[in-house]
Amino acid sequence: MTADRTFGPEAGQTLHRSVLLDQAVDLLVVQPGGRFVDGTFGRGGHSRLILQHLEGGGRLVGIDKDPDAVRFGEALAAEDGRFVVYHGSFADMDDAASAQGWEPGSVTGVLLDLGVSSPQLDDPQRGFSFMSDGPLDMRMDSSHGPSAAEWLNTAAEQEIADVIFRFGEERFSRRIARSVVQKRVEEPLVTTRQFAELVRQAVPRKEKHKHPATRSFQAVRIFINRELEDLEVGLKKAVQLLAPGGRLVVISFHSLEDRIVKRFMRDLSRGPQLPRGLPVRAEEVEPPYRLIGKALKASEPEVQENVRARSAVMRVLERRVEDKGVTPE
Numbered sequence: 001m002t003a004d005r006t007f008g009p010e011a012g013q014t015l016h017r018s019v020l021l022d023q024a025v026d027l028l029v030v031q032p033g034g035r036f037v038d039g040t041f042g043r044g045g046h047s048r049l050i051l052q053h054l055e056g057g058g059r060l061v062g063i064d065k066d067p068d069a070v071r072f073g074e075a076l077a078a079e080d081g082r083f084v085v086y087h088g089s090f091a092d093m094d095d096a097a098s099a100q101g102w103e104p105g106s107v108t109g110v111l112l113d114l115g116v117s118s119p120q121l122d123d124p125q126r127g128f129s130f131m132s133d134g135p136l137d138m139r140m141d142s143s144h145g146p147s148a149a150e151w152l153n154t155a156a157e158q159e160i161a162d163v164i165f166r167f168g169e170e171r172f173s174r175r176i177a178r179s180v181v182q183k184r185v186e187e188p189l190v191t192t193r194q195f196a197e198l199v200r201q202a203v204p205r206k207e208k209h210k211h212p213a214t215r216s217f218q219a220v221r222i223f224i225n226r227e228l229e230d231l232e233v234g235l236k237k238a239v240q241l242l243a244p245g246g247r248l249v250v251i252s253f254h255s256l257e258d259r260i261v262k263r264f265m266r267d268l269s270r271g272p273q274l275p276r277g278l279p280v281r282a283e284e285v286e287p288p289y290r291l292i293g294k295a296l297k298a299s300e301p302e303v304q305e306n307v308r309a310r311s312a313v314m315r316v317l318e319r320r321v322e323d324k325g326v327t328p329e
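As numbered in the numbering used here, residues 1 to 329 make up the sequence shown, in order.
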């Protein structure tokens, strides 16, 4: 969930500071003359700090699905010739790198700051939040695919229940799906307030300090934007791009994301699991990747400054310098 404090095309517009900003960039830019990919540009908080750390021939590609974010990226590219922006998903980072002439195994660092960004959440017209009323959209790229409203008004009841249960871990998903189908017969769901109120009425038991619609909004957003599918593909593309000594830094904001990242990095850092007693030397089975430190969370002062940082978890994977070039399929 990128939460940037930087300046964009609109004069005087100030945004929030990126979560784990300094820690992420310090762990990412260990070879300042290299090639870097910011797979979730947002409003450029991480990218601007990466650029400050670059030296010599250092270069940076920023990627984002959101056309609004791309406008900010184009403004940054006009300021700094070491930066280019690519409109698309980080699942397509191999294409973004190839457009710069970067081959697999030549990228020094990849950063992924997952989830919806604060500017997206704070804009009622994007439809990501139930905190204020707006169109029920939720698309990170509003030029592609069905909106949340279009899907909720046409999908089968079982599909809606499955999505809300799988991506929101909502135990009342069947009740919510049934209410959606009943409601849309009377009138289509078109606003965030409609959907939030429907969920509130459908959930019989409320969680303390959590809006009843929180899980459902998360689930629909993840489904509409194919976030977990993109993450699984993007992680594989990232390590295929990494040069020896290169690093992948990932910041996640909920357990579904972090579970995928943790398992992916753990499996690569463990290497092949061979039967006990097999007559091989340790150096012959040493995994080509290693974890850098433990999972890092935001400090209490950062959480107090930005409550959205409370769920952030950062993990770092490095390709070993002596790696022979083996990457996951």
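Just to be clear, a hint being listed does not mean it is correct.
DEER-style ranges, computed between Cβ atoms [what the hints assert, rightly or not]:
| no. | residue 1 | residue 2 | range |
| --- | --- | --- | --- |
| 1 | Pro-244 | Gln-100 | 16 to 26 Å |
| 2 | Ala-78 | Glu-286 | 37 to 47 Å |
| 3 | Arg-200 | Pro-124 | 10 to 20 Å |
| 4 | Met-131 | Pro-244 | 43 to 53 Å |
| 5 | Arg-226 | Glu-157 | 34 to 44 Å |
Treat the hints as calculated values from the structure; they're not laboratory data. Quantities reported herein were computed from a predicted structural model and do not represent experimental measurements. Note that the Cβ used here is the ideal one computed from N, Cα and C, for glycine as well.
Do the Cβ positions of Ala-78 and Glu-286 conform to the proposed distance bound of 37 to 47 Å? holds (45 Å)
I want to verify a distance hint. Is the separation of the beta carbons of Met-131 and Pro-244 within 43 to 53 Å? holds (46 Å)
So the hint says 10 to 20 Å: do the beta-carbon atoms of Arg-200 and Pro-124 match that? holds (18 Å)
Within 16 to 26 Å or not, the Cβ separation of Pro-244 and Gln-100? Distance hint for Pro-244, Gln-100 holds at roughly 19 Å.
Hint check for Glu-157 and Arg-226 - Cβ pair distance inside 34 to 44 Å: The hint (34 to 44 Å, Cβ to Cβ) is violated, given that Arg-226 and Glu-157 are roughly 22 Å apart.
The structure fails hint 5 only (numbered hints given earlier).
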